[in-house]
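One line per chain: the protein sequences are A and B, in this order. Just remember that our numbering sits 2 ahead of the position in the first sequence, which is counted from 1. Just remember that our numbering sits 2 ahead of the position in the second sequence, which is counted from 1.
Hints are supplied without guarantee of correctness; some may be wrong.
A pair counts as met if it fits within one copy or between any two copies, since identical chains are not told apart.
[Claimed, not checked] Computed list of lysine-lysine pairs in BS3-like fashion (alpha-carbon distance at most 27 Å, straight line):
(1) Lys271 with Lys5
(2) Lys25 with Lys424
(3) Lys25 with Lys199
(4) Lys185 with Lys199
(5) Lys35 with Lys88
(6) Lys271 with Lys22
(7) Lys81 with Lys343
Please keep in mind that the hints were generated in silico from the structure rather than gathered at the bench.
Number of protein chains: 2
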Amino acid sequence: MIKDVKEIYEKVEEFIDTDKEVKLQGWIRNHRKQKEFGFIDFFDGTYFKSVQVVYDNKIKNFDDIQKYHVGSSISVVGKVIKSPAKGQLFELSASEIVLEGDCPEDYPIQPKRHTREFLREQAYLRPRTNLFQAVFKVRSIAAYAIHKYFQERNYVYVHTPLFTANDGEGAGEMFQVTTMDLKNIPFNKEKQVDFSKDFFGKKVGLTVTGQLEAEAFALAYKKVYTFGPTFRAENSNTKVHASEFWMIEPEIAFCDLDGVMDIEEEMLKYVVSYVLEHCSEEMKFLDQFVEKGLIAKLEKLINSKFTRITHEEVIKILKEADVKWEFTPEYGEDIAKEHEKYITEYFDGPVFIKDWPKDIKAFYMKQNSDGKTVAAVDLEVPGAGELMGGSQREESYDKLVKRMQELNMSDEGLEWYINLRKFGGCTHSGFGMGFERLLIYLTGVDNIRDVIPFPRTPGNCEY
Amino acid sequence: MIKDVKEIYEKVEEFIDTDKEVKLQGWIRNHRKQKEFGFIDFFDGTYFKSVQVVYDNKIKNFDDIQKYHVGSSISVVGKVIKSPAKGQLFELSASEIVLEGDCPEDYPIQPKRHTREFLREQAYLRPRTNLFQAVFKVRSIAAYAIHKYFQERNYVYVHTPLFTANDGEGAGEMFQVTTMDLKNIPFNKEKQVDFSKDFFGKKVGLTVTGQLEAEAFALAYKKVYTFGPTFRAENSNTKVHASEFWMIEPEIAFCDLDGVMDIEEEMLKYVVSYVLEHCSEEMKFLDQFVEKGLIAKLEKLINSKFTRITHEEVIKILKEADVKWEFTPEYGEDIAKEHEKYITEYFDGPVFIKDWPKDIKAFYMKQNSDGKTVAAVDLEVPGAGELMGGSQREESYDKLVKRMQELNMSDEGLEWYINLRKFGGCTHSGFGMGFERLLIYLTGVDNIRDVIPFPRTPGNCEY
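Could you put together the complete structure from these sequences and hints?
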């Protein structure tokens with residue numbers, strides 16, 4: 003009977019030292035050969051830990067098996083027995099080993115430490131390594147935890163569009179999408195590109211946020227969320243920027259800024275707990291080899307109460323701090339990485355910073371009665387920096403229109419968004435979380451290129 | 003205490019005819035006014051059914067309330083009482099009704115039948131109608147069911163990239179992505195567009211499938227699936243084509259064609275059952291107003307055994323049928339819609355058609371030993387047509403390379419894909435399902451524009 007390695011690990015008592023034969027199918031991660039024995043470090047991707055397969059010279063094709071290379075795919079029939087080796091409960095005593103697919107000796111993934119830079123170039127093979135097996139499994143489980151959290155609370159999952167003609171979102175630079183022949187771009191009488199000849203009959207790009215469309219759905223379903231790809235055409239080559247990444251954008255009607263902080267805190271704790279529970283082997287590995295103390299960091303988060311404080315109070319604390327800042331903290335201005343770090347250390351835990359100066363925040367945020375700030379909130383998490391950004395949305399038609407005028411924003415293509423305030427608008431709030439930022443925090447891996455299966459960055463679009 | 007309408011419906015015994023006051027927040031779908039009474043058809047998006055809110059002239063702002071328009075958002079405080087009206091168990095007797103957000107009389111969504119064409123133009127408001135409340139809730143629940151099915155079976159969810167430089171997938175026309183100034187496209191010495199000056203340093207488009215990258219991950223995790231957006235730049239204006247849509251693409255190592263059919267059948271039945279269970283009110287509505295017999299159709303699917311038959315056998319049946327075909331069925335050729343329909347009626351249920359002529363199928367499909375066919379399978383479902391397409395993938399390096407040469411395909415950018423056959427390759431299979439095609443089947447709504455929140459089609463990119 004064909005079994006997954008996962009099943010053997012989870013129900014080992016049912017197999018160990020019985021007469022049951024099992025058949026496994028997977029790959030050779032390492033192969034140690036002795037004169038009369040062989041040991042294969044075997045994995046099949048269904049479980050983080052591998053299985054030691056032991057064979058001896060009584061097996062029929064002993065000489066052939068000894069030639070099987072690292073990376074080859076094999077089928078193994080055998081019995082699960084108590085292992086005499088240290089550190090493992092069982093091993094598989096093989097009665098049959100069949101080569102399914104060979105692998106040459108120049109296979110790039112050898113049983114040794116490869117640099118992450120090297121493995122990035124082998125993106126199609128790197129999930130076969132321990133590190134990336136762990137990272138991309140965490141990615142999958144965290145994605146599911148997010149869906150589970152929202153679905154179990156009756157949120158409606160909305161697929162907001164990726165093609166957009168909206169220019170006014172202002173969240174970042176956009177990629178253009180076209181089917182025009184770049185060798186023969188059509189021009190109109192005014193010598194401008196004639197987008198009426200393009201696929202959509204207008205200028206279209208790839209979205210930088212699904213929030214605006216999510217708001218429309220929140221005003222129909224009360225609670226919604228998006229979870230999909232987002233794009234940025236910024237030419238930044240940093241550890242935290244990618245051109246294509248995934249975002250989660252919940253949006254809730256009849257919810258104010260405090261309500262959205264409640265949701266952010268509860269959701270983050272839920273997802274972290276879910277990953278710790280469902281990726282325990284992966285997390286142990288990441289804790290041991292990538293970020294010492296990773297699990298303790300995450301468990302502390304789950305048990306902490308998040309602080310809520312205004313931007314003004316934060317600046318006061320920063321100004322009073324006995325620290326020589328690289329960037330001087332100022333009322334009315336954004337805060338720097340060093341400030342974020344100080345504040346989370348000051349409160350020894352996650353901090354919601356709310357009520358930001360309106361001039362450094364987006365046009366759609368609710369204007370507070372002080373005339374200076376907006377009901378925006380950033381969540382700062384120790385070891386992660388800003389993990390989520392949210393706000394109450396301006397629900398007043400007149401205030402929203404006035405703010406857009408102040409910012410010299412055109413309402414073209416956004417009339418519908420403004421109209422949401424006219425047609426039964428209400429208090430509503432939402433937030434955005436970059437999925438990869440969460441993964442960096444969860445895995446301890448510090449480069450966004452290593453938490454995306456096939457990352458896209460300026461100058462890089464392989465596979 | 004603030005409650006969702008969903009909670010009232012699900013725990014009505016806890017509220018009905020008690021002293022408990024509840025507070026609801028939502029929108030006026032309809033408002034009937036009498037001299038001393040008023041009846042508000044109230045919904046909040048958390049449950050498909052609305053609540054009848056009753057108020058009388060003892061309420062303090064009676065005259066104001068009578069002026070509240072359809073579409074306005076309100077808060078209502080009141081008690082749940084047995085309803086004297088037919089067809090509803092309870093109603094809400096209001097002690098307080100507060101206007102949260104007004105709505106003018108020219109609000110496009112009035113309590114009458116609007117055409118779907120009209121509502122399509124009001125895409126940001128249409129989820130407030132019964133029809134689209136139902137459709138987009140089914141969309142959300144079906145999406146979750148798909149994740150649940152695969153996650154509970156230990157599949158790894160992979161986010162395959164949307165930007166791709168692969169040209170050779172051949173599944174459809176691609177959108178180009180660029181950050182170059184279209185007014186000043188750079189050319190090289192050969193007078194070709196100089197893509198080295200573009201964002202990624204090469205020509206890049208939007209993917210038409212995540213399958214190839216999913217294969218790489220299947221050979222590391224055994225079982226994986228993708229669920230993400232896909233694009234087609236085809237200029238087709240039909241009821242079933244959109245430029246941006248979502249696809250599910252599972253990929254399984256050590257799985258042959260029969261194995262993949264098992265998975266397709268089990269998954270489809272799971273998702274259909276899940277939607278019937280978790281969207282019962284929505285499905286009743288769709289059954290009544292969109293497709294008579296919808297629920298019976300779906301229940302029949304769940305209880306049917308799917309037929310498995312070769313393409314050759316299908317052609318034989320079609321040729322022997324006493325039918326005057328518009329398109330004559332031929333061995334070696336594709337089958338037409340009329341043939342699909344006949345075959346599912348012939349077997350009175352879903353039919354897997356397998357072993358297709360290789361010349362009408364993709365390069366990566368496993369070549370059968372007859373030299374003529376490939377191990378491909380299409381699932382034909384009564385009332386849906388082709389719902390999924392899958393295949394065993396060619397695992398032989400030599401056969402794959404030879405097939406690509408026969409088809410004059412360049413291996414540029416696909417070397418890694420071919421290499422998967424060299425580095426521990428194995429029998430593996432997968433399939434693709436267009437999510438919107440499933441939704442058309444599940445909801446009975448026959449136009450893809452009506453199952454996508456903000457659809458994109460040639461000439462259409464609103465919102």
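Evaluation of the provided hints:
| no. | hint | verdict |
| --- | --- | --- |
| 1 | Lys271 with Lys5 | between (34 Å within a copy, 24 Å between copies) |
| 2 | Lys25 with Lys424 | between (64 Å within a copy, 23 Å between copies) |
| 3 | Lys25 with Lys199 | neither (59 Å within a copy, 53 Å between copies) |
| 4 | Lys185 with Lys199 | both (14 Å within a copy, 14 Å between copies) |
| 5 | Lys35 with Lys88 | within (19 Å within a copy, 81 Å between copies) |
| 6 | Lys271 with Lys22 | neither (42 Å within a copy, 32 Å between copies) |
| 7 | Lys81 with Lys343 | neither (53 Å within a copy, 50 Å between copies) |
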